[in-house]
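Peer 1: So you can see what is in the structure, the chains are spelled out below.
Number of protein chains: 2
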Amino acid sequence: MYNIKEWRHVFKIDPNKEISDEQLEKVCDSGTDAILVGGTDGVTLENTLDILARVRRFSVPCVLEISNLDSITPGFDFYFVPTVLNSSDPKWITGLHKEAVKEYGDFINWDEMFVEGYCMLNPDSKAFQETNSESVSDEDVLAYAMMVENMLKLPIFYMEYSGMYGDSNLVGQVSRKLQNTLLFYGGGIHQAEQAKEMAELADVVIVGNIVYDDLKAALHTVQAVKETKKK
Amino acid sequence: MYNIKEWRHVFKIDPNKEISDEQLEKVCDSGTDAILVGGTDGVTLENTLDILARVRRFSVPCVLEISNLDSITPGFDFYFVPTVLNSSDPKWITGLHKEAVKEYGDFINWDEMFVEGYCMLNPDSKAFQETNSESVSDEDVLAYAMMVENMLKLPIFYMEYSGMYGDSNLVGQVSRKLQNTLLFYGGGIHQAEQAKEMAELADVVIVGNIVYDDLKAALHTVQAVKETKKK
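The listed protein sequences correspond, in order, to chains S and Z. Following this note's numbering, the numbering of the first sequence begins with 1 at its first residue and continues without gaps. Following this note's numbering, the numbering of the second sequence begins with 1 at its first residue and continues without gaps.
These aren't lab readings, by the way, just hints derived from the structure by calculation. Fair warning: there could be bad hints in the mix.
Since copy identity is lost for identical chains, a pair holds within one copy or between any two.
[To be verified] Within a straight-line C-alpha distance of at most 27 Å, the following computed BS3-like cross-link-like pairs (lysine-lysine) qualify:
hint	residue 1	residue 2
1	K12	K196
2	K231	K102
3	K153	K229
4	K230	K216
Using the sequences and the hints, build the whole thing.
Peer 2: Right, here's the structure in full:
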């Protein structure tokens with residue numbers, strides 16, 4: 001599954017959180033389409049390399065979602081670069097990207113790199129606050145989606161509810177605005193039913209925290225998403 | 001010349017500056033590839049419509065470079081939307097764009113819209129200050145160029161020296177980083193020789209202020225650019 005356009009389900013693994021080998025094996029062998037390695041804080045080169053080495057034992061595609069310059073390393077299949085559309089700080093929109101290109105530009109295989117247009121949607125989350133994001137209306141989110149699809153032509157629009165289950169009505173509206181850009185949904189999926197609901201609306205459903213809180217429930221989301229058709 | 005990839009020379013006309021019908025006719029009939037309507041301050045719907053109506057009498061393509069929401073109007077052949085890469089204010093990077101899409105998104109013909117990745121290069125200029133731009137090193141400019149070409153895949157990278165003749169060495173270095181993105185050069189062209197030098201390095205040379213200061217010299221830049229091959 002090295003074609004991201006075919007992905008439906010992704011597990012997000014935070015290098016800064018503990019996970020046993022046994023648990024990680026279940027995650028990697030779950031049938032998920034990819035492992036997305038990324039987190040909000042405490043992501044270091046060391047813990048990123050640790051997860052990389054441990055995931056690499058399995059055949060699942062392994063993606064680094066870049067959150068800081070220190071933890072960038074070769075060895076992943078893809079590199080996802082977030083640009084936080086509703087951040088009030090240029091650092092999160094284009095700043096880090098420029099620094100990364102300045103440092104690594106000549107070594108980057110651009111075919112492995114995908115820019116994600118992020119919309120931070122949970123004002124109470126660490127990710128929202130860390131990126132100095134601003135609260136947005138539904139109309140703002142729809143405008144960002146159209147901007148990403150038509151102006152910036154980014155491959156991915158990411159609705160990030162970080163720990164909070166999202167507004168499926170809004171996810172559906174955004175979905176109908178996007179033709180070429182993939183819609184990634186992430187946040188607050190605790191049961192298969194929720195994963196299924198979002199899989200009807202988004203191209204890719206990201207399951208994160210529940211991996212650490214209730215692995216069995218997390219594993220159930222894979223099949224739930226896989227057997228659901230996007231409407 | 002409705003294919004921007006074939007453009008070499010463009011005149012930039014500021015709706016907030018006076019130009020007589022006779023002068024405007026010479027500009028429009030000069031053989032330039034397009035008229036880019038845009039300015040830093042004092043651009044209103046009224047003066048934009050005035051220029052539009054006056055340029056429309058000629059067959060030259062007429063482009064609106066959007067600088068504020070109030071002056072957006074149908075009737076132009078293309079709409080160029082700057083995103084100021086080295087701005088410290090998100091308003092100039094993605095903010096205005098989101099507002100424009102929010103207001104006009106459903107009416108926009110996206111095929112007529114091109115995003116320009118701007119790099120503001122003259123710290124003493126009004127454009128630089130108005131957009132809260134930050135000074136950049138040569139390495140920063142090269143990184144922005146690579147970002148625009150490879151990450152954001154924008155159609156245009158615009159080196160804006162606003163009134164100051166640029167660093168041809170840097171323009172040449174940037175040019176070599178770009179394959180798909182067009183390089184626009186603007187700033188401080190007062191004579192045909194300068195236009196020629198930049199035409200060897202950039203895809204498109206923009207001639208602005210000199211139209212108002214020395215029309216004859218401005219008109220000479222058209223042929224100078226047209227008979228120059230990009231290296």
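Peer 1: With reference to the structure, classify each hint as holding or not holding.
Peer 2: Verification of the supplied hints:
For the homomeric pair K12 and K196, the shortest alpha-carbon distance inside one copy (17 Å) is at most 27 Å, but the shortest distance between copies (53 Å) is not. For a Cα distance limit of 27 Å, the shortest separation of K231 from K102 across copies, 25 Å, qualifies, whereas the shortest one inside one copy, 41 Å, does not. In the homo-oligomer, the alpha carbons of K153 and K229 lie at most 27 Å apart inside one protomer (25 Å), although the nearest pairing across protomers, at 31 Å, exceeds that limit. In this assembly of identical chains, the alpha carbons of K230 and K216 lie at most 27 Å apart only when taken from the same copy (24 Å versus 62 Å across copies).
In terms of the numbered hints stated before, the structure departs from none.
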